[in-house]
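Protein chains in written order, with the numbering used here: chain A, 1 to 497; chain B, 1 to 178; chain C, 1 to 328.
Calculated directly from the structure, the hints in this document are not laboratory data. It is possible that some hints are incorrect.
Just so you have them, the derived chain A footprint on chain B, three or more residues with Cβ under 8 angstroms [stated by the list, open to error]:
no.: 1; stretch: 13-19
no.: 2; stretch: 36-43
no.: 3; stretch: 109-116
Quick list of the computed label-pair ranges, beta carbon to beta carbon [to be verified]:
no.: 4; chain 1: A; residue 1: Asp458; chain 2: C; residue 2: Thr143; range: 43 to 53 angstroms
no.: 5; chain 1: B; residue 1: Leu112; chain 2: C; residue 2: Arg278; range: 23 to 33 angstroms
no.: 6; chain 1: A; residue 1: Thr5; chain 2: C; residue 2: Glu146; range: 58 to 68 angstroms
no.: 7; chain 1: A; residue 1: Val471; chain 2: B; residue 2: Ala73; range: 50 to 60 angstroms
no.: 8; chain 1: A; residue 1: Thr462; chain 2: B; residue 2: Leu95; range: 44 to 54 angstroms
no.: 9; chain 1: B; residue 1: Asp21; chain 2: A; residue 2: Lys294; range: 43 to 53 angstroms
no.: 10; chain 1: C; residue 1: Ala253; chain 2: B; residue 2: Glu119; range: 48 to 58 angstroms
no.: 11; chain 1: A; residue 1: Gly242; chain 2: B; residue 2: Arg15; range: 28 to 38 angstroms
no.: 12; chain 1: B; residue 1: Pro120; chain 2: A; residue 2: Val471; range: 29 to 39 angstroms
no.: 13; chain 1: A; residue 1: Val461; chain 2: C; residue 2: Glu255; range: 33 to 43 angstroms
no.: 14; chain 1: C; residue 1: Arg278; chain 2: A; residue 2: Thr5; range: 21 to 31 angstroms
no.: 15; chain 1: B; residue 1: Ala87; chain 2: A; residue 2: Ile386; range: 49 to 59 angstroms
no.: 16; chain 1: A; residue 1: Leu376; chain 2: B; residue 2: Ala73; range: 48 to 58 angstroms
no.: 17; chain 1: B; residue 1: Pro120; chain 2: C; residue 2: Ser269; range: 15 to 25 angstroms
The beta carbon of each residue, even a glycine, is placed where N, CA and C say it ideally should be.
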Amino acid sequence: MNALTSLLDGFGTALTPLNLLWAALGVLLGTAIGVLPGIGPAMAVALLLPVTYGLDPTGAFIMFAGIYYGAMFGGSTTSILLNTPGESAAVVAAMEGNPMAKAGRGAQALAAAAIGHFAGGMVGTILLVALAPAVAELAVDIGAPDYFALMVLAFIAVTSVLGSSRVRGLASLLIGLTIGLVGLDQMTGQQRLTFGSLQLADGIDVVIVAVGLFAIGEALWVAAHLRRRPAEPIPVGRPWLGRGDVRRTWKSWLRGPFIGFPFGAIPAGGAEIPTFLSYVVEKRLSKQKDEWGKGAIEGVAGPESAASASAAGTLVSMLTLGLPTTAVAAVMLAAFQQYGIQPGPLLFEREPDLVWGLIASLFVGMVLLLALNLPLAPLWARLLRIPRPYLYAGILFFAAVGAYAVGGEVVDLVILLVIGLIGFGMRRYGLPVLPAVIGVILGPGAEQQLRRALQISDGSVTGLVDTPFAVTVYAVIALLLAWPLVKRAVRRGRTAA
Amino acid sequence: MTTETDQAPGRAAGRRAWLRDHSELGVCALLLALGVLVLADALTMDVDIAQRGPVGPRTVPVAVGAGLLVIAALLAVDVLRGGRGRAEGGEDVDLSEPADWRTVLLLSGIFLGAAVLIEPAGFPVAGALLFWGAAFALGSRRVDRDPLIAAVLSLITYAVFDKLLGVPLPGGPLMGVL
Amino acid sequence: MRLRTPLALLGAAVLVLVGPPLLSAGGGTETGTRIPGLRLMVPNTPGGGYDITARTAAKDAEDAGLTHNIEVFNLPGAGGTVGLSRLVSEHGNGRLAMSMGLGVVGAVRSNHAPRTLADTTPIARLTEEQDVVVVGKDSPYRTIDELIGAWRKNPGKLPVGGGSSPGGPDHLAPMLMARAAGISPKAVNYIPFDGGGELLASILGGKVAFGVSGVGEYLDQIRAGELRVLAVTGPERVPELKDAPTLKESGYAVEFTNWRGLVAPPGLSGAERDKLIRLAEELHDSPQWRRSLEKNGWDDAFLAGERFGAFLDAQDERVVSVLKELGL
Chain A
1 MNALTSLLDG
11 FGTALTPLNL
21 LWAALGVLLG
31 TAIGVLPGIG
41 PAMAVALLLP
51 VTYGLDPTGA
61 FIMFAGIYYG
71 AMFGGSTTSI
81 LLNTPGESAA
91 VVAAMEGNPM
101 AKAGRGAQAL
111 AAAAIGHFAG
121 GMVGTILLVA
131 LAPAVAELAV
141 DIGAPDYFAL
151 MVLAFIAVTS
161 VLGSSRVRGL
171 ASLLIGLTIG
181 LVGLDQMTGQ
191 QRLTFGSLQL
201 ADGIDVVIVA
211 VGLFAIGEAL
221 WVAAHLRRRP
231 AEPIPVGRPW
241 LGRGDVRRTW
251 KSWLRGPFIG
261 FPFGAIPAGG
271 AEIPTFLSYV
281 VEKRLSKQKD
291 EWGKGAIEGV
301 AGPESAASAS
311 AAGTLVSMLT
321 LGLPTTAVAA
331 VMLAAFQQYG
341 IQPGPLLFER
351 EPDLVWGLIA
361 SLFVGMVLLL
371 ALNLPLAPLW
381 ARLLRIPRPY
391 LYAGILFFAA
401 VGAYAVGGEV
411 VDLVILLVIG
421 LIGFGMRRYG
431 LPVLPAVIGV
441 ILGPGAEQQL
451 RRALQISDGS
461 VTGLVDTPFA
471 VTVYAVIALL
481 LAWPLVKRAV
491 RRGRTAA
Chain B
1 MTTETDQAPG
11 RAAGRRAWLR
21 DHSELGVCAL
31 LLALGVLVLA
41 DALTMDVDIA
51 QRGPVGPRTV
61 PVAVGAGLLV
71 IAALLAVDVL
81 RGGRGRAEGG
91 EDVDLSEPAD
101 WRTVLLLSGI
111 FLGAAVLIEP
121 AGFPVAGALL
131 FWGAAFALGS
141 RRVDRDPLIA
151 AVLSLITYAV
161 FDKLLGVPLP
171 GGPLMGVL
Chain C
1 MRLRTPLALL
11 GAAVLVLVGP
21 PLLSAGGGTE
31 TGTRIPGLRL
41 MVPNTPGGGY
51 DITARTAAKD
61 AEDAGLTHNI
71 EVFNLPGAGG
81 TVGLSRLVSE
91 HGNGRLAMSM
101 GLGVVGAVRS
111 NHAPRTLADT
121 TPIARLTEEQ
131 DVVVVGKDSP
141 YRTIDELIGA
151 WRKNPGKLPV
161 GGGSSPGGPD
171 HLAPMLMARA
181 AGISPKAVNY
191 IPFDGGGELL
201 ASILGGKVAF
211 GVSGVGEYLD
221 QIRAGELRVL
231 AVTGPERVPE
241 LKDAPTLKES
251 GYAVEFTNWR
261 GLVAPPGLSG
271 AERDKLIRLA
281 EELHDSPQWR
291 RSLEKNGWDD
301 AFLAGERFGA
311 FLDAQDERVV
321 SVLKELGL
């Protein structure tokens, strides 16, 4: 119960009026910057970090927590409204969120995302308080074969469960893996598919691929088939979540954290795999399967909740091991060092006030995020009422800004257009876009973990399956692949009987 | 695909209709070409670094390339058997009309133009032209209003990124002059 | 009505052309060591040596009031050559610098990278740092002799983890160690990680038999007892780790130190280059930086401009000759 009293002390510091003001300011600033194209949470936090420099440590961390959660939510906002994810963790939000927004349910999508962030953050932070030492201990036991197994699971899950046609899903995945191969080989620095070009040696940035396939591909596709009759403005609909929406999503909000949190805590985790997996899980469990791809609200609620919880998980390895697993965590490390504090195994003993103040401020930040952004959701959603030519011109404009801001290179814009044209072709021939994006995001990592696992085992293939964790994951994969066959067999059995 | 010529009916019109109907075979051809490209790149790579373990920088590209070839073949079989990828619908999408290639080409051209202009002319100019051009291509004809909207949007974006956030964007030819 | 169109066009043109310079006027004055919008690139993942160096330098420079708002960002890949080729492509950008070290020199060589450090503008060498040989707290090896004894028997089954790609310090150090212990460097099973974060987890979890990394990266974990130091690689013991013997005093003839510094894109004007060097010099003279050196177990090794450039050339030759000697 020591943790509980410490946490209560933390709340004591976090809840003074001045600190509440800092938290509110942080949430607003974070959301505003996170909404900008090409700026994901890591960059938003890095850009806003200097703002906190003038404050005392507690005030700074409270504001910082607000910025962090605000930026994550802001990133999902652009994903949902404009189909332009600012970073890989926000990709899934666009999958169902954008169709919802186009159907006039943008406010509900944003509300589902906001509550998802809230629920995920809350559950995640509670898990952080309760389990931090135990999770940190387990996290270091996850090794290369386990990561590889998890990535294979993600590949199989998106191609076999999502699309209507497995061949087309696989084709899309392979296109993504091919794009992911471009650049210098991570382990040996060998050039692959660069054709001697220096620009390609950097590899193709994930943001550019995601924005290209989603935003540019979509804009071109719409341009080719734009309804020529005067377009009706998108109905705004009711601004709030209806009772039916809540009934559909409350389970998703609560399921997300348990997928997201563990992934955040493991060293090579992050928010990508859990958001994808949460999406797949929600689709599997959904009763309204036909709505998927056209704006199923669970597809926003679950992944957003998972993403937020994975952020809390990130803090576990960051605070207890001093191990920054994501770019945001690295920026946080810098923020700690700003005050002469070194996160790591000794942090909880050395700086209990600050750590518990930070954890308490995470709770406060999430409450404020919800309180400020829920009323704003209908206002944001109005963005979509601007006339179609402006809307799609704006999407092209912001996609270009985002791609250029990532690296400041003109070549990136050309690559963006080429990938946009690929996205156009994929829409024309019904190739799902998501597997390609996942191939790009996870492909290079999967290859690296595969090679590392085989090297650790000194070349023996058993190195891929010598941990119970990996074996479990492969069993899940086998189940996933066999499921349609089993179901058919069962059905046949029933009709025969 | 050699099968196209085997199965296509003799008459030219019929053949054209068959090709239009089976245009997805083009996707197979592209996947095939991509697979060959990936394989060729992987196999011509000279690996001279002391490599440990069975998997080197070549292994995964070879697997991906082979996968592309297999998928190209499977997709061709699927298409010839009558399988079709369904074009993606959507709120703003009207699939009953034939594709409007002019707009797509125009948009691509405008995008490329903006990319070329961004360094010599600066981000505000290129961005404004991109927005205005795209809005024009998509059917907005308010010549008295659109350029101003585009210019203001572009300038605000420039100010936010370059001045407030410190993400450098090129300012244009007058930067050192004024 | 008809007038409005040309007016709109004219207005738009004036806005986009005249706006940016007007916005810049007044703001962002470059006085003294201030470089508005300075960005520091880290060519490996968060938590690694270059990352800590860059973030510490940025923070100390800000604390010392030399400049403000330095943005540190990571561009990992292929032992730092991905970041290097990006740096070189930012020709003439005086608001960018990259933290680097011996690892990048090695990676350029072993990767045959298209861009080398000779293409950059050298700014300054900042620190020198010994490598440490560490194991997790649950590891069966308690002394360097126990470890090397087991390693000799079966080098393939005792994988070594390091934070640099082949040719970098964490690769060269165990190779030199192996040679001194009578193990063929070719038999060593070296597993590269980009930076220190994931490597730390692999050592703690016993995925690799031991790790080789810079002193500063794991000081805290060592102090907390999560990691055990078996040896340091330099000529003498590290003040913060008095109990850890050097390899030399343990009977293995190895003396190895890593160094880190800053380079900038090519094509800078003389003034831009001098400004970055002056910033590095003032950083070096600041009390904040002194304190960070001590805290991280780094040795001061300041060397600026041309002389740093000459040092880079010499290091390049040294890496080539060592790799050849080791037969890799």
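Practice item. Just tell me: holds or violated, for the beta carbon distance of alanine 87 of chain B and isoleucine 386 of chain A against 49 to 59 angstroms? Key: 26 angstroms, violated
**Study point:** threonine 462 of chain A paired with leucine 95 of chain B, Cβ distance criterion 44 to 54 angstroms
**Key:** Given range 44 to 54 angstroms: holds, Cβ gap about 52 angstroms.
Check your understanding: Do the Cβ positions of threonine 5 of chain A and glutamate 146 of chain C conform to the proposed distance bound of 58 to 68 angstroms?
Key -> Violated: the Cβ-Cβ distance is about 44 angstroms, outside 58 to 68 angstroms.
Check your understanding: Holds or violated: 21 to 31 angstroms for the Cβ distance of arginine 278 of chain C and threonine 5 of chain A?
Key -> 52 angstroms, violated
Check your understanding: Does the Cβ-Cβ separation between valine 461 of chain A and glutamate 255 of chain C fall within 33 to 43 angstroms?
Key -> 40 angstroms, holds
Review point. So the hint says 29 to 39 angstroms: do the beta-carbon atoms of proline 120 of chain B and valine 471 of chain A match that?
Key: Violated, since proline 120 of chain B and valine 471 of chain A (Cβ atoms, about 58 angstroms apart) do not stay within the stated range.
Exercise for review: Can you take a look at whether the stretch 36-43 of chain B is actually covered by chain A? Rule is 3+ residues, C-beta closer than 8 angstroms.
Suggested key: holds (count 4)
Exercise for review: Given the range 48 to 58 angstroms, decide if the beta-carbon distance of leucine 376 of chain A to alanine 73 of chain B lies inside it.
Suggested key: Given range 48 to 58 angstroms: holds, Cβ gap about 51 angstroms.
Review point. Between glycine 242 of chain A and arginine 15 of chain B, is the Cβ distance one that fits in 28 to 38 angstroms?
Key: 54 angstroms, violated
Check your understanding: Are there three or more residues in the stretch 13-19 of chain B whose C-beta lies closer than 8 angstroms to some C-beta of chain A?
Key -> violated (count 0)
Point to revise | Assessment of proposed distance window 43 to 53 angstroms (beta carbons of aspartate 458 of chain A, threonine 143 of chain C) | key: 24 angstroms, violated
Check your understanding: Within the assertion that chain A covers the stretch 109-116 of chain B, do at least three residues meet a Cβ-to-Cβ distance smaller than 8 angstroms?
Key -> Result for this restraint: holds, n = 5.
The structure shown violates the earlier hints numbered 1, 4, 5, 6, 7, 9, 11, 12, 14 and 15.
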